[in-house]
Amino acid sequence: LAKTTQPISMDSYEGQEVNITCSHNNIATNDYITWYQQFPSQGPRFIIQGYKTKVTNEVASLFIPADRKSSTLSLPRVSLSDTAVYYCLVGPSGNTGKLIFGQGTTLQVKP
Amino acid sequence: GAVVSQHPSWVICKSGTSVKIECRSLDFQATTMFWYRQFPKQSLMLMATSNEGSKATYEQGVEKDKFLINHASLTLSTLTVTSAHPEDSSFYICSAPTVGRMTEAFFGQGTRLTVV
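These protein sequences, in sequence, are chains X and E. Note that the working numbering gives residue 36 to position 36 of the first sequence, counting from 1, and the numbers run on in steps of one. Note that the working numbering gives residue 4 to position 4 of the second sequence, counting from 1, and the numbers run on in steps of one.
Next up, chain E with everything else stripped away, as it sits in the complex (with noise of 0.2 Å):
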């Protein structure tokens, strides 16, 4: 079946820093792809949408310039968390709707963020 790898699935970085957490799409092509965060004992929130080519869209309340989106090839997107603070520490996690069955999705097994 489809899969959806992410990278890394846990990081640890210094306050002030940038992270990159990549998704890539394994045996599909993915022109859509979509970032969610998830605080502890919370449910998703969705992010952003990731599109192939062209600038993402963001979702009300995310500051675009804070989590830069890149979606430069049909199985790669990826999530740059620039200038992370503790408060940003979360799971991200991405998906792929697959093609022909949009609300069927595919996700990465999360990335865990820890800012110190």
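In isolation and in its complexed conformation, chain X is listed as follows (with noise of 0.2 Å):
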């Protein structure tokens, strides 16, 4: 499975627009990028999954460039409830679901 790097940490204001962005340079052809967010004592929740270009939910919006090699998880006028962990994970769709976590993002929305 694709390795991924993402910054360990992020503040913003509420109100604020949010790009999370993950490097994953190893990214295979059939691979999916999938972000989770995680409150603090909960499990991890789904937000998107893309492939490429652009995927919209009502949630976020996930950018993935013509290469692949990285992705930038947006998040609009977060709020307070925003504040979580966030992670990038890589991997084929159709796999087993073992799913491997890298050490996410977390951020902080600020009154």
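Hints in this document: simulated from the structure, not taken from any laboratory. Where hints are given, some of them may not hold.
Straight-line Cα separation of at most 16 Å, EDC-like style, residue types lysine to aspartate or glutamate; simulated pairs [what the hints assert, rightly or not]:
| # | chain 1 | residue 1 | chain 2 | residue 2 |
| --- | --- | --- | --- | --- |
| 1 | X | Lys69 | X | Asp31 |
| 2 | E | Lys64 | E | Asp88 |
| 3 | E | Lys20 | E | Asp65 |
| 4 | X | Lys54 | X | Asp67 |
| 5 | X | Lys98 | E | Glu104 |
| 6 | X | Lys98 | E | Glu59 |
Reconstruct the complex from the two isolated chains, following the hints.
This is how it looks when you write it as structure tokens:
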């Protein structure tokens, strides 16, 4: 499974847009990029998944450049409740579902 | 949407005793489930793969005799921490992948184990 690199932590203020970038230089052709969110003392929650270009849902957008060696999770107008750890994972769709988590990015949203 | 339920949410046990944690898929069948452990301010670490009807597969460094996994039905996997010690205190999380989209997993709410 491709290794990912993310910033350890980020700070933001309420109402701002937050972009978290993940590097995955060794991504394979059949790999998808998936982001999870984890609040303290809870299990991770799926946010978004993409393969290329841009994916948007009601929670976030995921931008993936043509070379797919990185991706950016974009959270529009964050609130205090978006304070969490965000994990970027890379892996093939159709595998066993075995997920290897990297260090994640701790996002702290301030009032 | 698919839901994975874990029980209990927290447990405190005495050193030397065993603790069982249950993981249930509530509205879908899961032939495979996964168990993770997470220490404070650290990432999730995969412990083992639970396979319905067969033996679990453990990650390197995880003691299979200490962390007993049973996946007796398509909706239930259990993790038993045997002869627990304070160093086993951690946050245990299970997950189950969704059919057809195997990198999109649903996670239980986690179990906080404290061994005293």
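Hints broken by the structure, by number, lowest first? Going through the list in order, the structure violates no hint and respects every one.
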